[in-house]
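Enquirer: Quick note, the sequences are listed as chains A and B, same order. The first sequence begins at 14 in our numbering and counts up one residue at a time. The second sequence begins at 14 in our numbering and counts up one residue at a time.
There's no promise every hint is true.
Said to hold, decoys possible - Cβ-to-Cβ under 7 Å is the rule here; a few derived chain A residues that face chain B:
no., residue
1, His324
2, His332
3, Thr340
As the list claims (entries may be wrong) - Footprint (simulated), chain A over chain B, 3 or more residues, beta carbon under 8 Å:
no., region
4, 30 to 41
5, 79 to 89
6, 96 to 110
7, 275 to 281
8, 333 to 346
By construction, these hints were calculated from the structure, which means they are not laboratory data. Cβ coordinates follow ideal geometry from the N, Cα and C atoms, glycine included.
2 protein chains.
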Amino acid sequence: MSALFTIKKESETGKSRVGCLQLPHGSVTTPAFMPVATSGVVKMLTSEDLLNLGASIILSNAYHLHLKPGEDLIAAIGGLHRFMSWQRPILTDSGGFQVFSLAQLRSVTEEGVLFRSHYDGSEHFLTPEKVVQIQAKLGSDIAMVLDDVVPHPCSFEQAKVAMERSLRWAKRSLAAHSSDQQVLGAIGHGSVFPELRRECLLRLCELGFDAYAIGGLSVGEPKDLMWQMVDLSTDLLPKDKPRYLMGVGTPADIVTAVSLGVDLFDCVLPTRMGRTGTAFTSFGLVSITNAAMRRDERALDPQCLCPCCQHFSRAYLHHLFHCGEATGPRLLTYHNLFFFLRLMERIADAIAKNSLDALQRDITELYLASAATRHQGAGGPSDQ
Amino acid sequence: MSALFTIKKESETGKSRVGCLQLPHGSVTTPAFMPVATSGVVKMLTSEDLLNLGASIILSNAYHLHLKPGEDLIAAIGGLHRFMSWQRPILTDSGGFQVFSLAQLRSVTEEGVLFRSHYDGSEHFLTPEKVVQIQAKLGSDIAMVLDDVVPHPCSFEQAKVAMERSLRWAKRSLAAHSSDQQVLGAIGHGSVFPELRRECLLRLCELGFDAYAIGGLSVGEPKDLMWQMVDLSTDLLPKDKPRYLMGVGTPADIVTAVSLGVDLFDCVLPTRMGRTGTAFTSFGLVSITNAAMRRDERALDPQCLCPCCQHFSRAYLHHLFHCGEATGPRLLTYHNLFFFLRLMERIADAIAKNSLDALQRDITELYLASAATRHQGAGGPSDQ
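One chain only, chain A, in its complex shape (with noise of 0.2 Å):
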């Protein structure tokens, strides 16, 4: 199938968008934030939690759910969706992150790549072909292409080496795909290189996806050449397909991808450090374990509006977490989901309004300082 993308509203000014992407499990309007279901549920959270959550889209793992449970288990329960009782849209990442990440590598061919599972050791070995095979399985409404991924810092020809195997496997990956009711999304790679990141993709374009990523980004590099490598893809890339900065970000970071012209995100942040005890809140981040939450009677946010906020004061959610209760965790996990959720639904009516640029300000300043440090290693692929 064609991914139906219609922009709604372009800013005046600038190159974000407000767009609504129709996908075969129902439409997403974007700017979208994809809670982490890496292996088919957001942690500590249920389904139905995700509908109250107003999720209208989330993201799951084919690396993660091949190993555990095997897509052909969840193929015969039904699909993902079944599987996982989610009825709307699911984008599944193809792996490529995860195998050159979180497994044992063992050996990158031209023909696929070998490894060993970070779970129990078996030794796997995925073609872009099969990943192609393993998402058709899943049923997802988006699946995206194995891609060949490099750490940073890396070399030049490290990058292009990598990132020329990434556009082989994008092709072989395109010709297998048969699905009408899955798209297939191309991710655009060449570490911060910005003569690498052209080429692939204008020749990804020529070949012409209804999806592409801006993928190998956030895992380390300065800010800026991140945001240069960003503003130079969405520059290049059809305006009328979806654009998806792959693994990103804090709020500030969200925001001002958005105003470069990206579409669709996805990160562990809000569920991992909801986990952890840290709350995003209209006035920065709050850890629920500081000594200081212990008599605190307000609310997490007082202005927020989700279940947590409006049911639990800051001392009863510290001792949750002091008490080891996991009913602490899934709270916080709810009211961070709900603070990036909401935080989606302001850059759209702000995109609406002209008034981006504002917003931009306001979260950056409440947030980029304290994030910036936390962001290091909360793009890691080993849980959300």
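Let chain A serve as the given structure and place chain B on it in line with the hints.
Expert: Chain B in isolation, oriented as in the chain A frame:
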């Protein structure tokens, strides 16, 4: 205040009854099962879950809340109901059982109990008066007296000394109790010695409490002895006061105890077994971690109307447990409490229809064999 306990229906042939217990935070239809919220939270769940489950009363623990976060902190936040955002009735156990089983006991004197916290080894001294005061600060609907708990087996002499001390402590508790917004419950002791049980209850009834618990059972004694103690206890207790069998039990235990005239129950079994992967179903126990569940498309209990059974397959639940995802234990905890709370409705219905015997036979057949072995240790206080 005086507990307004009204009997709505009595068995024509046995001792069971359906009642209504009016408490400051609402009314409770009995027989009732109280989900265990030891530290002010039912493990894995929120108070919203408990509302959705239809719980009408929950149990919390003065020992745990005294140590963490402390009754003064909870009182400053507005009491336990506000702290945990639960507006229906709460019964707090005194913590006598926990002091004697969980803490490092230092000494028991006529004045009270000296022990070390199982959290941090800090030393604490609790008296009957102090425990009444703690529960007054917590603001629970039903407070229980501090009792001197003996293990099983124990000698007649040991049981007699502890029972007599418990009696004197109960008298002091009654004198110390002044809240008109809280019912004070006494606890009958005497181990497995009928004459001690009889003497204890008769003297407690002379003192005059608004609720009576049968304590010190389900601690490893043979079932027939337990039922003998319960039977003689309910024969002695006034009909117009609620009777609470502490720490019991399996579905079969609950139905049997109801047939002997018990009104209130609490047990960690549904929550603890749910967390570790065992579900109570309409056809017996199901271990979700069993390899046979891996590809099982059916609901955990196809006859169950809880959200877990409405939305998810056994294969998905197995996958969650296999991946160590907390959503698995959360869903099974919810399901098991749903089962126990619906069981209480079936029991009330059976009493109304004079068919409790048939229900008892059905449940006992289904559950007694498999649950009896598991129940050892399930009455322990270390968690829920």
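Enquirer: Which numbered hints are broken by the structure, listed smallest first?
Expert: 4, 7
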